[in-house]
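Work out the full structure, taking the sequences as your base and the hints as a guide.
Protein chains in written order, with our numbering: chain A, 7 to 150; chain C, 7 to 150; chain G, 7 to 150; chain H, 7 to 150.
If you are wondering where the hints come from, they were derived from the structure by calculation, not from laboratory data.
Check before you lean on any hint, since a few could be wrong.
Simulated crosslink set (DSS-like; lysine-lysine; CA at most 27 Å straight-line) [stated by the list, open to error]:
{"no.": "1", "chain 1": "A", "residue 1": "132", "chain 2": "A", "residue 2": "100"}
{"no.": "2", "chain 1": "G", "residue 1": "106", "chain 2": "A", "residue 2": "106"}
{"no.": "3", "chain 1": "H", "residue 1": "106", "chain 2": "H", "residue 2": "132"}
{"no.": "4", "chain 1": "A", "residue 1": "132", "chain 2": "A", "residue 2": "106"}
{"no.": "5", "chain 1": "G", "residue 1": "132", "chain 2": "G", "residue 2": "100"}
{"no.": "6", "chain 1": "H", "residue 1": "106", "chain 2": "C", "residue 2": "106"}
The structure presented is a predicted model; accordingly, all values stated were derived computationally and were not measured.
There are 4 protein chains.
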Amino acid sequence: MTNTAHIANAHHQWQVRVYWEDTDAGGIVFYANYLKFFERARTEWLRTLGLQQAHMQQALGGMFVVSDTSVRYHRPSRLDDALQIYTELVVCGKATLTLKQSAWLDTDLVSEARIRIGWVNSHTLKPTRLPSALLDTLVNAPRT
Amino acid sequence: MTNTAHIANAHHQWQVRVYWEDTDAGGIVFYANYLKFFERARTEWLRTLGLQQAHMQQALGGMFVVSDTSVRYHRPSRLDDALQIYTELVVCGKATLTLKQSAWLDTDLVSEARIRIGWVNSHTLKPTRLPSALLDTLVNAPRT
Amino acid sequence: MTNTAHIANAHHQWQVRVYWEDTDAGGIVFYANYLKFFERARTEWLRTLGLQQAHMQQALGGMFVVSDTSVRYHRPSRLDDALQIYTELVVCGKATLTLKQSAWLDTDLVSEARIRIGWVNSHTLKPTRLPSALLDTLVNAPRT
Amino acid sequence: MTNTAHIANAHHQWQVRVYWEDTDAGGIVFYANYLKFFERARTEWLRTLGLQQAHMQQALGGMFVVSDTSVRYHRPSRLDDALQIYTELVVCGKATLTLKQSAWLDTDLVSEARIRIGWVNSHTLKPTRLPSALLDTLVNAPRT
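So, in structure tokens, the structure goes:
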């Protein structure tokens, strides 16, 4: 049913720098902000596949909407840290994607996430099938 | 030219509570977040005038866009503080509003702002005149 | 081992209003921001128990740190929506709490979360047992 | 009184990409977020001078705190835009800095800011003189 078997194992790596805006009064990165870091990394992963979300919204009349996020926070990160974000597409269905993502500080795992994303019509926000051109691009994404 | 003379002196008061999300690693509220507090207070001030921005966007095809912000930060605020936000319309022109806003912790002035806002067409984002019904509501806002 | 059996079933309800800052270019609330809404509601739930986190940090030398978040997004919410946030403590262990939270727009479930929180030393950020006074307060929280 | 005359004209350039988190339901970047972009650019400008704020807080017991921000918003920017942020130190006093910053989309000026920053003791948050080593670094910053 899903194209899991066909998915290229796309481990995308991307760096995020921690700024003041990301921290809280505990002296560490506010946990909700890792979802922003993971979002940025997914956007950059899509960009490496030639997919720009603003263009997709205009050209395809649809957009990705996050439907499920599970995040585990293993250790804190702090101002000025340079985090490496890894993104891997693990399931690519007809209408949803599932990605594994993780944030690392050198060799320490900071946090890891499982994110499920659906494709919806931009106007109605109703779930709909991924356009086939988009699906082809995702399924055939090269190993990196 | 402007309707300054006719403006009711609308000192609107509204409370904002400081949460973790608002603070940074300096242990205090991140300065950019006062713009969010002032925005929320303006939204609530408009709501007291019967103006809901989501409705306005649909009914009038336009929206407010901030064109100028000046903020002075006088003293820090911290987690759990309850700030009083005061909002006053000081200039109401044909296409722009200017508001004075301030944030207080008890009798201490925390920050104060001068915010200029224009009315734009929601689709083109071009500046345009305030719809007359909207202008009437603003100019005739009761003292509070 | 845990005090689950003793937990008062604390369904705390609290309202969050959606402002511009919470939305994104999809026209809906940015999914990561529900974690902020749930955080605010937990803070208010603690406040109803007489627990202020800024005081706790000073008096007890510790703070809560989120270790695990699972959020499901069922339907979008938009500018000006008034969301009801429900918070329920479902597990209270020696060093961690687990809460169920949900966001509702009238009778529609918007999103729901399971949040695990640990207690850490504020300076070392090392996990440590919940102070007994704090634990007593949580375990004996009245039904609401 | 100030060291204005001695300031190297440090036009620092740095790129910011617009992500979903930065936009609002108007379809454009939420105006308060330009303060975040300018903050990130100042942090990177300091980094080019060998100054890391987390280190400074530990080594010098002080930190920068923003005391004044004036921002003018000239035209909107949108999802996926790559903004160029320019940063220039225009006044370097004994205890405060003033910077001019601007955000450009290609040849279009998106927004421009004047930011005043003070140096404070990290614990008391009281304004204090810039440490001389820090002042020297700022005053002698090379043209870029």
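Structure-based check of each hint:
1. About 14 Å separates the Cα atoms of residue 132 of chain A and residue 100 of chain A, which keeps this hinted pair within 27 Å; it holds.
2. This hinted pair checks out: residue 106 of chain G and residue 106 of chain A have alpha carbons roughly 24 Å apart, not beyond 27 Å.
3. In summary, the hint linking residue 106 of chain H to residue 132 of chain H is supported, as the alpha carbons are separated by about 24 Å, within the 27 Å threshold.
4. About 24 Å separates the Cα atoms of residue 132 of chain A and residue 106 of chain A, which keeps this hinted pair within 27 Å; it holds.
5. Taken as a hint, the residue 132 of chain G and residue 100 of chain G pair is honoured in the structure, with Cα atoms around 14 Å apart against an allowance of 27 Å.
6. With a C-alpha separation of about 24 Å, the suggested pair residue 106 of chain H and residue 106 of chain C falls inside the 27 Å cut-off, and the hint holds.
This entry satisfies every hint, going by the numbered hints stated previously.
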